[in-house]
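Undergrad: Protein chains in written order, with our numbering: chain A, 1 to 355; chain B, 1 to 355; chain C, 1 to 329; chain D, 1 to 329.
Among the hints, a few may not be true.
[What the hints assert, rightly or not] Here are the computed lysine-lysine pairs in the BS3-like style, where the Cα-Cα straight-line distance is at most 30 Å:
1) C/K322 - D/K252
2) B/K205 - A/K143
3) D/K322 - C/K253
4) D/K327 - A/K349
5) B/K43 - B/K205
6) A/K306 - A/K118
7) C/K252 - D/K322
8) A/K45 - D/K180
9) C/K322 - B/K349
10) D/K180 - A/K43
[Stated by the list, open to error] Calculated from the model, a selection of chain C residues having no Cβ within reach of chain D, i.e. all distances over 10 Å:
11) E16
12) R52
13) L324
Since the hints were made in silico from the structure, they are not lab data. Glycine is no exception: its CB is placed at the ideal position from the N, C-alpha and C atoms.
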Amino acid sequence: MAKVEDTQRSALERENPDDLRHYYYQMLLLRRFEERTSEMYVKAKIGGYCHLNLGEEATIVGLMAALTPDDYIFTNYREHGYIIARGVPPGPVMAELFGKETGVSGGRGGSMHLFDAKTHFMGGYAIVGGQVPLAVGAAYALKYQGKPGVVVAQMGDGTTNIGAFYESLNLAKLWNLPVLFFIVNNGYGMGTSVEMGSSEPDLWKKGASFRIHGERIDGTDVLAVRDACRRLRARAEQEGEPAILDVVSFRFRGHSVIDADRYRDPEFVRSGREKHDPVRNFAALLHDHDIVDDDWLKAMTDRVEKEVQEAIDFANASPDPRFEDMYVNMYATPVPNIPGPEDAIREVKINRGEL
Amino acid sequence: MAKVEDTQRSALERENPDDLRHYYYQMLLLRRFEERTSEMYVKAKIGGYCHLNLGEEATIVGLMAALTPDDYIFTNYREHGYIIARGVPPGPVMAELFGKETGVSGGRGGSMHLFDAKTHFMGGYAIVGGQVPLAVGAAYALKYQGKPGVVVAQMGDGTTNIGAFYESLNLAKLWNLPVLFFIVNNGYGMGTSVEMGSSEPDLWKKGASFRIHGERIDGTDVLAVRDACRRLRARAEQEGEPAILDVVSFRFRGHSVIDADRYRDPEFVRSGREKHDPVRNFAALLHDHDIVDDDWLKAMTDRVEKEVQEAIDFANASPDPRFEDMYVNMYATPVPNIPGPEDAIREVKINRGEL
Amino acid sequence: MPVITYRQALNDTLGEELARDPNVLLMGEEIGVFQGSYRITEGLLQEFGPKRVVDTPIAEEGFVGLAVGAAMLGLRPVVEIMTINFILVAIDQVVNHASKIHYMFGGQVRVPLVIRTPSGGTGQLAATHSQSFENWFAYCPGLKVVAPSTPYDAKGLLRAAIRDDDPVMFIESLALYDTKGEVPEDDDYTVPIGVAEVKRQGTDVTVVSYSRMTAVAMQVAQRLEGEGISVEVVDLRSLRPLDRPTIIASVKKTNRAVVIAEDWYSYGVTAEIAATIQDEAFDYLDAPVRRVAGLEVPLPYAKELSAASKPSANSLIYAIRKVLEGKKK
Amino acid sequence: MPVITYRQALNDTLGEELARDPNVLLMGEEIGVFQGSYRITEGLLQEFGPKRVVDTPIAEEGFVGLAVGAAMLGLRPVVEIMTINFILVAIDQVVNHASKIHYMFGGQVRVPLVIRTPSGGTGQLAATHSQSFENWFAYCPGLKVVAPSTPYDAKGLLRAAIRDDDPVMFIESLALYDTKGEVPEDDDYTVPIGVAEVKRQGTDVTVVSYSRMTAVAMQVAQRLEGEGISVEVVDLRSLRPLDRPTIIASVKKTNRAVVIAEDWYSYGVTAEIAATIQDEAFDYLDAPVRRVAGLEVPLPYAKELSAASKPSANSLIYAIRKVLEGKKK
Ligand SMILES: Cc1ncc(C[n+]2csc(CCOP(=O)(O)OP(=O)(O)O)c2C)c(N)n1
Ligand SMILES: Cc1ncc(C[n+]2csc(CCOP(=O)(O)OP(=O)(O)O)c2C)c(N)n1
Ligand SMILES: [Mg+2]
Ligand SMILES: [Mg+2]
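So here's chain A without its partners, still in its complex pose (with noise of 0.2 Å):
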């Protein structure tokens, strides 16, 4: 991995300060965001399985800076910095994981299962692999339907070893399809590292078997990012042609926020985290570059403290979803013989031995 000051540099002359200043408001949020939700799981505020973006904001941010309103993303579980980063406000997003009626999915699916149809975000998946196919599907729709747009079908490194994966390659590329394997290399599935699970652990190369091109790129470095996923994107939308992009970045925490990250030599995870912390050095390559200044800086901080607050005091408000509710959106087509809410109320008091 080339340093992140080295091939943004040059680059950065070209830029316009005001998207730079963008990305950095974007990954400063979801840093705090993802910060703040760590707590928030502490305080049982959140429940279930809570996985954090922290250290792959770069990553997240290059990603959306790349996408057009056309294009579609699915994602796995890992996924709270994709949905904001793609323009929908953390309220909602944090009353989902607050489980509220006002969650992005309505407080039904959780900090796995985010949805936004309105900004193509397609959700959060939860089964290792299981979005990859839905998200070769949902390019397959696009050329179909002679609509412009990619889609991008984001995945772990750990996720390039299931069947699913690899039968999504195939068709991708048989079909010439839009769409984007974009591979978020944090090095680590749970506590399997990339060389112990992967014969080729050069993930970009795992297109080879499928004549799929594939490229490895420094995911902390949000240009590198931004700018190989705009490339892609186009030969995806133009031709057709299927990429892998093995986007690498360092997993700042343990899988989830409950995982103490054992397995991990301590002194390893502390300097990676010195590193290869994308939010830190894109500020200080900004600051160098006089882009920005500690004043902006320190405005900025304030601005996403209290945006995230914000977040957190509008999913605290928001009301828990109703009981009687519990079997709305069962089905989009209703039938006969479906339960309604005269029966999840009875059986909710039942439950409850309110019966």
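Based on the hints, put chains B, C and D with the ligands in the right spot on chain A.
TA: Just chains B, C and D with the ligands now, with coordinates in the frame of chain A:
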């Protein structure tokens, strides 16, 4: 594909003529066995699905010539030839196709599920790709127990598009297992050509995403198949290096006995059978080199005719499985509350209107 | 009314729906060039071209998942799984994905997907090609599961399934493909999902069945009529939602019930029906509900064993006589 | 007798069996370096090394199939599937392969394989991480399916499963891992597969349950004792083979039954048990068998909805009161 004659001419000098004659005998036996099997199917002696090895005789005999008694073989449902070439007499094989108690699987398996523990023929399987992880597991056991030998995972070209195949490649290479992925590339999975199914139609390259070596070989050339298998087998056994062998042959008939093969151009099929007949070509080769003469060839034809007829006679004369044995081999370790012979008899009587 | 086969009814409906809605497309192994392993899609590639009739590689998990994703963007894929046995490699996409997406994401997206597949098996198809798994799908909230027994229902339910915005498992039967029945022409009828039908009125005993076993039940009912036994046949048609009221109403009338299905006995479809009847019609039952189903073995290949392990008309008659024992004429 | 957790019982047993038989090996995701997602395999990699405790890639179909193949050659793999939800991607290897191989090949080869996996889910694990699929496996001839409810049974059944020559699905429960119970030391006991146990004697009503719901049933029984209601608890322990005689004997004594399971109601485990009881104890039943199970939704994440969709002690009490209605004291 090089012509059979070209590759074999020089090699023939170094061969033991008895071996060559034996290969011919084996190929002819498979040919005749399958032709008669087809007849028996039409006569309703055989039921279910039935897939023939016609055109694949050199592929099978070449493979078996390279294996040792230590080795294990897992195949798909198109496996009559494999079990015979491995050394199981045609009688119990035909009896299995007839569903008789004397069949290699006691009449319980049928055409798609032949098995012979003694010769390490570990079964024909009928879920596409299902046998591949099993074979990798057998290789795992060999390595675990420090035993000699390799495992052959036989499959068809169409099978290389299913997830289980790719997961197997990864595990085999990751753990350095002595397994040979033996792809019988007859150009079609039912009516789907290799090009319609695989974005990488050069199937030997499908190990590229896994750092697995692959080769393509002419599957109508028994010696070429044998030599490649020997070489890759030795590497697998000695170095724990799995390999892919893409063995190209020509499917003489439809996918199964009942497939009218309407999707292939009759002229293509006719000329394919003409050009790529491994049995006839090998006979010509041996004859040209004075390794066999007309009398010997005639004698072989008679011998094989007789052996296959005897197999049919054996199958015909064999008893059907008994109804009371319906639940035999349900479990290897008996436990309470499972049905026994009395249950079987009662249930069958009810079913047949005798109670 | 014209009399056509079950196969023809399916083939016609697929063609009509392809013609009606450009977002409908067919997808599956061997449905195009090969014309369908069981000829259900015969001629459709020729008529509608490769954009609408899509031959897939052998990659069920991949293309079922692809169909789910495509449905999320507004296509209406009708996927053929060659036989239900092969759906096991794709079941994660059906159960962990298709069935959950609408609910789990708060209703923001729909999955108008149909998966057609034949279940069961009469020939000597052996252990891995003769299974019934519709009970597994019927178990899963978020799916709809239908299983027509006649050409008329096949057409009406397939139309309903294709036009429905939820994932529908459409269960067929190899042994029904060549059976015939009346199907109206020029009538855009649908058969409602979630509604059973009393296929034959009777007073002595209710037989509850679906798919091929309904055909068996109808034959048996006819045969027993000669003996003065009046059999009512309730054809479930849908396994999910399950039309409990229709079943219960029938049993309250006849006071006796036999449930028949081709699947394995324990934990099969008949268990749910019998459990439902004893719960909701307890005071009306004059005899225990009897269940008729397949023997619990991996289906053996040998001809006679194979035949004996699937329920027959005889098995049903035996059960009917048992529940009628002691009934005064 | 020492009191240990269910987790400890499993961990001890795995260690003891590894020590006893060199052909036993553990395989699964995160069982070694990570020490087990739920710490069932904690310390075993350190003790037995990477040959015996094998961390796998995320490739369930591949490594389950690999384990089946290895078992065919004489190894005795004990595979951990992190939760039962993930077995859907590997189910073809379990159902179309492991369960058939011994029978289909005429008994020539054995598959001594154990698959351990927790089912159900109490937290807010949402739709794809809270399911129960043991009914699916219990449906399949050729498999054995066990689901212990106590540390004692966990140990005894795991031992039996590992020493059994057939594929055994060993169903655990996240919510039971921290529960405690007596387990004898230095006693190489096994709990027989296929045999239920009356965990508590009672006279008014039989509750049939397994795994975590047995723990719930035991609490409820205790609680209702104070009200003068005597509950008999039949713990199935094995779902396949199913010990029908023990269930029926109990119901013939109490004349009333409630069946509880954590899975979805329709087509779930409770259906088979209720159907069995009405069939075999019809004349003994004073009320319909009632079934208590999960609500039929893809489990919603929101805390209260999530909790309300799984059966509770209250649900069981309600059902018991219902079946006791009209019973004279
Ligand atoms: C089919 C399946 N198997 C196992 C799991 C459990 N699991 C959840 S996340 C995970 C690791 C995934 O690693 P990776 O793809 O690298 O993504 P990351 O968490 O690093 O973002 C595992 C094994 C699962 N959810 N689905
Ligand atoms: C999972 C699965 N999907 C589909 C089928 C139906 N099927 C049986 S054989 C076959 C074609 C396989 O082709 P190939 O691997 O090339 O082997 P060949 O028959 O040519 O020897 C198909 C699709 C199956 N048995 N299993
Ligand atoms: Mg990772
Ligand atoms: Mg082929």
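Undergrad: Is it true that the CA of D/K322 sits at most 30 Å from the CA of C/K253?
TA: holds, 25 Å
Undergrad: For the pair supplied as a hint, C/K322 and B/K349, is the alpha-carbon distance within the 30 Å limit?
TA: holds, 15 Å
Undergrad: Taken at face value, is the distance from the CA of A/K143 to the CA of B/K205 at most 30 Å?
TA: Holds: B/K205 and A/K143 sit about 28 Å apart, inside 30 Å.
Undergrad: Taken at face value, is the distance from the CA of D/K322 to the CA of C/K252 at most 30 Å?
TA: holds, 21 Å
Undergrad: For the pair we were handed, D/K327 and A/K349, check the Cα-Cα distance against 30 Å.
TA: holds, 24 Å
Undergrad: When you check the alpha-carbon spacing of B/K43 and B/K205, does it fall within 30 Å?
TA: Not OK: B/K43 and B/K205 at ~43 Å, beyond 30 Å, violated.
Undergrad: Between the alpha carbons of A/K45 and D/K180, is the straight-line distance 30 Å or under?
TA: Holds. A/K45 to D/K180 sits at ~29 Å (cutoff 30 Å).
Undergrad: Far enough from chain D: is every CB of that chain over 10 Å from the CB of C/L324?
TA: Nearest chain D Cβ is 15 Å from C/L324, so the label holds.
Undergrad: Compare the distance between the alpha carbons of A/K306 and A/K118 with 30 Å, and conclude whether the hinted pair is satisfied.
TA: Within the cut-off at roughly 25 Å; holds.
Undergrad: So is C/E16 really clear of chain D, every C-beta pair being over 10 Å apart?
TA: holds, 32 Å
Undergrad: Against the 30 Å threshold, does the CA-CA distance of C/K322 and D/K252 hold or violate the hint?
TA: holds, 21 Å
Undergrad: Can we trust that C/R52 is non-interface, i.e. its beta-carbon lies farther than 10 Å from all of chain D?
TA: holds, 29 Å
In this structure, the one hint that does not hold is number 5.
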